[in-house]
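Q: Residue numbers (our numbering), protein chains in the order written: chain E, 1 to 484; chain H, 1001 to 1251.
Derived by calculation from the structure, the hints in this document are not laboratory data.
Positions of the beta carbon are idealized from the N, C-alpha and C atoms, including for glycine.
You may find that some hints are simply not true.
Reference listing, derived: stretches of chain E covered by chain H, where coverage requires no fewer than 3 residues with Cβ under 8 Å from a Cβ of chain H [claimed, not checked]:
1. 65-74
2. 146-156
3. 197-208
4. 328-341
5. 369-379
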Amino acid sequence: MSAGHEILFPRLPYDMAPRVGRARGDISLQQFVHQATRSKDAGRRGAMQEAFGERADDLRRLAGEIKQHTLDHLDHYLGLWIERARAAGTTVHVAETAEEANEICLAIAKRAGCTTCVKSKSMVTEETGLLAKLAAAGIPTLETDLGEFIVQLDGDAPSHIVTPMIHKDRRSVARAFVRELSAAYTEDPRALTMIAREHMRTSFHRADLGVTGANFLLAESGGLVLCTNEGNADLTVACPRVHVAMVGIEKVIPSVRELPLFLKLLARSATAQPITVYTTVLTGGRREGEDGPEESHVILVDAGRTKLLREEARELLRCIRCGACLNACPVYRKAGGGHAYGAVYSGPIGAVLTPELRGLMNYPDLPHASSLCGACFEACPVAIDIPHHLLRLRSALVASGAPTLRERAVMRLWGWALRSPARYRVMARVAAWVLRRLADARDENGGLWFREAPGPAGGWTRDRDLPAPAERSFRELWAQEESR
Amino acid sequence: MSVKIALFITCLADVFSPRSGIAMTRVLRRLGHQVDFPTDQTCCGQPLLNNGFAKDAARAARAMCGVMEGYDAVVTASASCASMIREHYPRLAAEHPDILTEVAARRLVSHTFEFCEFMLGRGGVPAGCRWDGVAAVHRSCHGRALGLTDEAERVLGRVEGLRLVGLANSEQCCGFGGTFSVKYPDLSAPMASDKVSALRASGARWLVTGDTGCAMNIQGACRRAGLVIGVRSVPEIIAEGLGLLPREGGA
């Protein structure tokens, strides 16, 4: 198992703080992630504005409603897709768990006598840990998405849904190519791409198993849609004898008629492009007299998704994995990218999906590691109200007894105090009096400050001063103001 | 037309920026409105909701709805607490109908306003308001949640002598987020530090925000970084500009 595995599958329950702390101290990591997310976020906004102007919000909501409708009737649309895909010659498998999905893929590979695998980008296979399973069965896999390829060379883990190597720069790529591919050292992006391309071409021709994910399933036709910028998914499908697509069950949309809307939103939200460079619709297996793989398999993966179909959580399954919320999120930015989330899905969507998929009590930090600023909701092309789900999960944490006794006591006391004006007045007054006495600094206008605050506020004053309450509260000032 | 206004002074503003509430009172009175501070108000319940105590938040919401009954408008300088009412009270009512009725929530939602929003709907700043200085407006995240964009800038556009400068990356959260700022200082402080850099680059000597939480966070980060910045809310600038409050302190 590679070192990267521990990054996405840490010991549970997961404690976020150590990785956040390390990321904060890593200046170059901060710079890479900062620059990349900022420019991608600005690019997305520009591209959306340019294409859709005032209508952008309506389109996000429409796309969200289409996905929601499909999820509301998932049994119908998924059933229809399976029927039509089978009729078109695809072998369809259904896996309830991640392990089952891997076993099905392994069985296909073994039966067909596959020995080497090429793979294009797929978040589901990260979820199931497919590559490790294939490797253990003696089938090595080459990642053919350039970012994933570099991450693989380094024994690292992807730290972004769309830009897996957002945490690296080209110098580290150059070093990896020298070390692992015996290439000459170069930092020129074009030259680096050509080195990777040469290396991959040979593997494409040698491989007998091609693994992809899918961006969408089209229920009406049984089609499967692949979007890439590098064309690697097309080669992964076309070259090897056997094609296996691992696809989450939430990827289905009603038909090809809805597809253009999603393609427009996906490309702009993910990379600020009008459309991805390669967009392929695969319907069924190889036809008589045509090229293509001898076997076409699709493994539909549940792996916890049907649990999310309950009404309160269903909207999370709308996610089309564009990564826009990651780029927009200041917390993702300051956390140094995805590794701080300790899971396959990171950023705002990861902070809600991961606890849902892998257990809330295993990831109690994630719903709280947000200032609830709403940038994610604003960016989401399918209008998932992520802040609402963060709050929902925080409530669920309280209901399952997660907060410490102290926190519980403070919140209960606060709730008790503010239900009675008299109690509240007394408490606020006492608190202000105490805090003003504890304050350890004074400004030029006579205002009191903390440079080192006691108790839980100590974290604040490590990097910031904290103002102390004013001499008299508004409540106290009001009496004389009222009669002025 | 005179409006009967209830001031909604948030729990943080009550204790940390009482002057802003006084400014709001005087400006709204100058405009001819009848201004009252229902003294039984406490806190909107946002800290409870944000920490997962939704039921307690619903109870706080019920109390707020009762206290604020009988007014034409509820006005607050805090976009964050206004968004708590407008965005979350209806939701709390839907989730806890036994505690908070939808009718009560909707009634409060329909006439709760952030200060600038209210001003723009009522003719804006009266003539003769002068306030000399270079200031940058902090657009708070919850203002965006209310659908606010450049309301503060538009209100302040009528103030003579005031030069407004833009802030780089103004859409990024300052990192306050209530208890987030204390629970995750390693995430929150670097966000505040970005605001310090933006302010430094902007040349502003004053930061304008009505959200006391953002103000505490940004000013606290500026002080630690050695950047001298004064903080004012929009009502404070107008009140000082009209001579309703002495112009004192600051940068």
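Q: All hints, please: hold or fail.
A: Here's how the hints hold up against the structure:
no., hint, in the structure
1, 65-74, "violated (count 0)"
2, 146-156, "violated (count 0)"
3, 197-208, "violated (count 0)"
4, 328-341, "holds (count 4)"
5, 369-379, "holds (count 8)"
Of the numbered hints given earlier, the model fails hints 1, 2, 3; all others are met.
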